[in-house]
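Starting from the given sequences, assemble the full structure and let the hints guide the process.
There are 2 protein chains.
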Amino acid sequence: MNKIDGGVTAAKGFQAAGIYAGIKKKRKDMALVYSTVPANAAGTFTTNVVKAAPVKWDIKITKESKFVQAVVLNSGVANACTGEIGEQNNLRMAQAVGKALDIPAEAVYTASTGVIGKQLPIEVIEEGAKALSSELCDSIEAGSLAAEAIMTTDTYSKESAVHFIVGGKEITVGGMAKGSGMIHPNMATMLGVVTTDLAISKELLQEALSENVKHTFNMISVDRDTSTNDSLLLLANGLAGNKEITEKNDDYENFCEALSIVTTDLAKKMAADGEGATKLFEVQVVGANTEEEAIILSKSIITSNLVKTAVYGSDANWGRILCAMGYSGVSFDPDVVDLSIESAEGKLKLVEQGMATDYSEEFATKILSAKEVKAIADMKQGTASATAWGCDLTYDYVKINADYRS
Amino acid sequence: MNKIDGGVTAAKGFQAAGIYAGIKKKRKDMALVYSTVPANAAGTFTTNVVKAAPVKWDIKITKESKFVQAVVLNSGVANACTGEIGEQNNLRMAQAVGKALDIPAEAVYTASTGVIGKQLPIEVIEEGAKALSSELCDSIEAGSLAAEAIMTTDTYSKESAVHFIVGGKEITVGGMAKGSGMIHPNMATMLGVVTTDLAISKELLQEALSENVKHTFNMISVDRDTSTNDSLLLLANGLAGNKEITEKNDDYENFCEALSIVTTDLAKKMAADGEGATKLFEVQVVGANTEEEAIILSKSIITSNLVKTAVYGSDANWGRILCAMGYSGVSFDPDVVDLSIESAEGKLKLVEQGMATDYSEEFATKILSAKEVKAIADMKQGTASATAWGCDLTYDYVKINADYRS
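Residue numbers (numbering that gives the first Met the number 0), protein chains in the order written: chain D, 0 to 405; chain F, 0 to 405.
No lab work stands behind these hints, which were simulated from the structure alone.
You may find that some hints are simply not true.
Pairs involving identical chains hold if they fit within one copy or between any two copies, as the list cannot separate such chains.
Calculated cross-link-like contacts (lysine to aspartate or glutamate; reagent style EDC-like; alpha-carbon spacing at most 20 Å) [to be verified]:
| id | residue 1 | residue 2 |
| --- | --- | --- |
| 1 | Lys55 | Asp332 |
| 2 | Lys213 | Glu252 |
| 3 | Lys117 | Asp314 |
| 4 | Lys59 | Asp332 |
| 5 | Lys398 | Asp314 |
| 6 | Lys117 | Asp337 |
| 7 | Lys117 | Asp334 |
| 8 | Lys247 | Glu210 |
| 9 | Lys117 | Glu360 |
| 10 | Lys117 | Glu351 |
| 11 | Lys55 | Asp334 |
| 12 | Lys117 | Asp357 |
| 13 | Lys348 | Asp334 |
| 14 | Lys117 | Glu361 |
| 15 | Lys117 | Asp332 |
| 16 | Lys370 | Asp264 |
The structure is reproduced here in structure tokens:
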């Protein structure tokens, strides 16, 4: 299992492109990912009742299409809350790519991100689809251009890839994703595309993805706002030449591990680049009764505005962490809980059996001043654990979101 | 039903005091409310699993004591996560007041607010209790001093009072409360004390209060953080001379209405004075299937960081409102929803049947620039409705909470 450079073009037979089509004012705004052969596809999508037009389309494609061969994505306009015109525009977006690549529209996933409530500039998109298909390339750079073109308020693009072996064949899993506001995924995150040259049945591909997101994308939060457009799409084209995986054997487990490395990496990058964030904040809850309770507890801490502002201020205000667990809905005995913080600067136990230890505030502040900080809560109830990732809440989060549309 | 000046000392037979005892650096930090005769008492308290020592004490008093005659409150230290020493200190606080006033400690409610995890400076508190009891007075000013002494990050003190008539007797209900961070009450809010000279049975008093908070304190949120110390305490001493209310007749309904005026007023003041807030933000959800769903929908909007920052920026980013309803957990058809905004500047429909109307962004911004702004969502499902109150999310919220302890 080796981490390598690259993203959606790392696996065999995948090409990509990213261009400026004219949706945004200046920056790149359209991306295309293409498999030279038909691929099995899986997807997980937002649980928000308000679903964007591309999400509705992709859910249908995932269910009904035998194969998928392309993913077209735009940034700038989310195509959410756009009614029937929005659905027609989305179809036209898929058709334009289908026509340019000579594949059925039903083999094209779509994804949009940006402002809610505005219609897509569909002629611009149709021209963009043509331009994208003529620029497709299997280089690492082409993957990076695609990753760049799906950014909105992200400050850097997010890619990740790994190599591993199945039956003597080298397999690659690579992906890209974007944040960085309205991030509190529930089934998937804002936009993510992962590709692999593994041969695997469609059913197992979906199962691997659905299981995976529970521990990766669904464990991050920037602002507790679950978006209307969350989509994570996974394409497997089989070009690595392994014998197709059709049962949950060691090869399947290997793939799940590789997928987890890529998606965890992308998820953490997304949390660290949360709108306005200066720090990646990781929360581990251990010793919980059940995994579900550990997840609820860790997400309650990671999403508390008061905890997030304390992390921003490098203030070891542990009372807020205990408070956030207290209102999470999980029952526990606060008088036995231990709480520690950790970073590259060191590790420190702040709370033992529910009460403050005689810790040094100075050292605590030093630990919390690092770029990546961790809090560990031991519930002393059982053996279940969970890890969640978030970021601090800063002036810049307010600034970005008080005038996002202007 | 007449609104009048005053707070906890407005009703007959109630005295109060507020002093600087030495818990905080400079500002007033201890308050006392006293009834010259034994009073029936009711309380609602935080649902946080982590409960402060005074909350545990008050729950016991509410259940076991025949009457209550005083409420002692301190600001600066919350006496939460303080273990057995914290409970002993809380008892000493009640005993000091009991001794000074010559009443049983079990007739004294306690309340603390401030930093979590620090022990009370109990000698300072005991001296403070003595000083408070010698300064008790039934003037409106004395009530105001008490309201001032319970403030933490509040920028102004919160009081409210009304007059009404029961059986020819003039009855008064008056109260005080404080915010303004860690405010997402669930059963009651941070700290609130309401007094009345009405004669009413203990059972009905509790029932009136429990029903009341569902529509008042439980409908506000500053930061979605439910505190460890939330307590709303209600004392009724019967000195108005009415025949004791022992059944749910018209007099009871009258009292509920008076109580609602006082608590809604206090709750709205608390929301408007949320940490860093520049605006009171009210959300009305109408046309919902059930009241419970209307409550969930309105609170989901009022607590969304993205909606709150948009309100701060006077940006009619209605997609975020629809998005927040969409992830609330309530099922509805987004394609039929209407959305309007309203303030002293005017009223404007932004969304009709799930899509943007052709509204003027300029006028929308003007409406949202007022000090009190309202959003109204019509779900077109049924006839149930709910109103929630919150505030905008600003730079100052981050500033206040990034260095609250220092």
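These are the hints, each one checked on the structure:
Only between protomers do Lys55 and Asp332 lie at most 20 Å apart by alpha-carbon distance; the minimum there is 14 Å, versus 43 Å within a single protomer. In this assembly of identical chains, Lys213 and Glu252 lie within 20 Å of each other by CA distance solely inside one copy; the values are 16 Å within and 50 Å between copies. In the homo-oligomer, the alpha carbons of Lys117 and Asp314 lie at most 20 Å apart only across protomers (15 Å), although the nearest pairing inside one protomer, at 41 Å, exceeds that limit. For the homomeric pair Lys59 and Asp332, the shortest alpha-carbon distance between copies (19 Å) is at most 20 Å, but the shortest distance inside one copy (46 Å) is not.
Taking the shortest Cα distances, Lys398 and Asp314 sit within 20 Å of each other only across copies (12 Å), while inside one copy they are farther apart (22 Å). Taking the shortest alpha-carbon separations for Lys117 and Asp337, only the inter-copy value of 16 Å comes in at or below 20 Å, while the best intra-copy value is 49 Å. In the homo-oligomer, the alpha carbons of Lys117 and Asp334 lie at most 20 Å apart only across protomers (15 Å), although the nearest pairing inside one protomer, at 51 Å, exceeds that limit. In this homomeric assembly, Lys247 and Glu210 come within 20 Å of each other (Cα to Cα) only inside a single copy, at 13 Å, whereas the closest approach across copies is 54 Å.
For the homomeric pair Lys117 and Glu360, the shortest alpha-carbon distance between copies (13 Å) is at most 20 Å, but the shortest distance inside one copy (49 Å) is not. For the homomeric pair Lys117 and Glu351, the shortest alpha-carbon distance between copies (14 Å) is at most 20 Å, but the shortest distance inside one copy (52 Å) is not. When the C-alpha separation of Lys55 and Asp334 is checked against a cutoff of 20 Å, the pair qualifies only between copies, where the shortest distance is 14 Å, while the shortest distance within a copy is 47 Å. For a Cα distance limit of 20 Å, the shortest separation of Lys117 from Asp357 across copies, 12 Å, qualifies, whereas the shortest one inside one copy, 55 Å, does not.
Taking the shortest Cα distances, Lys348 and Asp334 sit within 20 Å of each other inside one copy (15 Å), while across copies they are farther apart (51 Å). In the homo-oligomer, the alpha carbons of Lys117 and Glu361 lie at most 20 Å apart only across protomers (17 Å), although the nearest pairing inside one protomer, at 49 Å, exceeds that limit. Only between protomers do Lys117 and Asp332 lie at most 20 Å apart by alpha-carbon distance; the minimum there is 19 Å, versus 49 Å within a single protomer. For the homomeric pair Lys370 and Asp264, the shortest alpha-carbon distance inside one copy (16 Å) is at most 20 Å, but the shortest distance between copies (44 Å) is not.
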